[in-house]
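Enquirer: If you read the protein sequences in the order shown, they are chains A and B. Numbering of the first sequence is given in our numbering, commencing with residue 549 and proceeding in unit increments. Numbering of the second sequence is given in our numbering, commencing with residue 24 and proceeding in unit increments.
Heads up, some of the hints might be wrong.
[To be verified] Here are the simulated distance ranges between beta carbons:
1) E685(A) / G175(B): 30 to 36 Å
2) F579(A) / L169(B): 47 to 53 Å
3) D114(B) / E685(A): 50 to 56 Å
4) L58(B) / H735(A): 41 to 47 Å
5) L282(B) / S687(A): 51 to 57 Å
No lab work stands behind these hints: they were computed from the structure. Quick reminder that beta carbons are idealized off the backbone N, C-alpha and C, glycines included.
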Amino acid sequence: MATHPGGLTAPGATALAPRPAIRTRKLVRRFGDRDILKELDLTVAPGEFTALLGRSGSGKSTLLRAVARLDHMVAGSGELTVPDRVSLSFQDSRLLPWLRLIDNVTLGLRGPGARERGLTALAEVGLEGRDRSWPHELSGGEQQRAALARALVREPELLLADEPFGALDALTRIKMHDLLRELYERHRPAVLLVTHDVDEAVELADRVLVLEDGRISVDLTVDLPTPRSRRDPRFQEYRDTLLTALGVAQPQPQPQPLTEAKKDSR
Amino acid sequence: MTELLTHTTRPAVPPVKSAAPAVAPASAPKTRRRLGPGRAVPFGRLIGPVLVIALWWAASATGYLDPRILSAPGTVLSTASDLVSSGRLQDNVLISLQRAGLGLFFGVGAGVLLAVAAGLSRTGEYLLDGPLQIKRAIPSLAMLPLLILWLGIGEQMKVTVIALGVAVNMYINTYASLTGIDSRYVELAEGLDLSRAQFIRKVVVPGSLPGFFVGLRLGVTASWLGLIVVEQINATSGIGYMMFQAQQYAQSDVIIVGLVAYGIFGFASDAAVRAVERKVLSWRRTLAG
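Using the sequences plus the hints, can you model the full thing?
Expert: Spelled out as structure tokens, the structure:
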């Protein structure tokens, strides 16, 4: 994982390596006269689990939408290569409320056996027997699992996830982390997980990127065995490195309560 | 420094404040004042109409109500049965239903087609939405003189007037619902590489159905309204014609029969649309349940 050739070797050598899951060269995306992505270079190898961190406004979502090729109206330039089968998952489960679960999961699937594949995918995320349910009958966590089934039933070469656990409660989130990692181990798509949670990034991903001001400022390979424990001192090290890169001051007991009190007084 | 001081004094304030409400519950052991309407009585909604008929009956029976102004309920009932046995009521009801039905059919078709054309393409929006929003400001019945000039006073004109009123209602509501489809669902459809046909079938149509049904209910009402007006203009048949004739001969009982017929059809058609709506939109979880 750490020895993938992207980014370091010459373009000629990259052509010989297996086709990358994502490859961008000098990618620019512009809103008005403001460049959100500034000649961004990124290569993600097939089957690589990458997390993308960044403060709000750093361009995380813009990059994800560019890679998903959903930015029709956005001005920009640069090269972008992505595989044919790309699946997306969003912060909300985005299940269509008027379709039953199985129809949501198989939406847009072509060819015979779509229904069987949908049922298998639902079983894989632990929603066996719920195929005839309406989305509103599910809990938030179950809806997000159904969305994951919808993403995986397409057997993607690349899974793009935009803060997929952001709207879940803490307990459900822990379960979803385990499920995502398990599904990843089984299907091995390349993953680009956009998150604002440093712990989540270090726990799940094998490579963590920090996006800052339209460029990738940190490219960190997480060399820890899975499953990972947050109490592992090396976990803490990765965490601190990333927090520093994100410009978050290391916790110091003295100034913290003061800033809290200031917020309260308003 | 001053800021710091205010912060340290702040925690002292809440305990003082909380002392006041602590006393209140002890002096008010009763349950709180109810602000909602309270429990429902079975068939309570029928009380109002029954009371009106009872008053009407009592006023007629005591001779307080002149039969030339308003016939007694009994007279109205016997007139209705006379009209039915002579076949006059059925003939007129049938022709009225046919007019309203045809108008509704063409109006719904035209309204939905226009809404889809305007909602799904920019060209359609630019060409159609403006004129239709302007048309909305002109009551359909105000077009009557022009339509009579163009189409004469036959069935064609009658159905056209009804269809126009229906179409505008259908268009406005279906179009609003269609353009109001959550853009996140459009993004999802793009992300799943849906074809345009799949997108329309799985996202656009189900997503605009709520508005379609609002339009349909208003359209059904509009069709009865249009019917009443066109049947009083040079008509030779229909419930409206029957009532118009009755007015000439001061038969208030026949007029009441006509009004009741309009009322029953209006109520029944609205109930039918609502029943279909409940079935089709069963995925919706609304306050009405």
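Enquirer: Hint by hint, note whether the structure agrees.
Expert: Taking the hints in turn, this is what the structure says about them:
no. : hint                          : in the structure
1   : E685(A) / G175(B): 30 to 36 Å : violated (57 Å)
2   : F579(A) / L169(B): 47 to 53 Å : holds (50 Å)
3   : D114(B) / E685(A): 50 to 56 Å : holds (51 Å)
4   : L58(B) / H735(A): 41 to 47 Å  : violated (56 Å)
5   : L282(B) / S687(A): 51 to 57 Å : holds (53 Å)
Hints 1, 4 from the earlier list are contradicted by this structure; the remaining hints agree with it.
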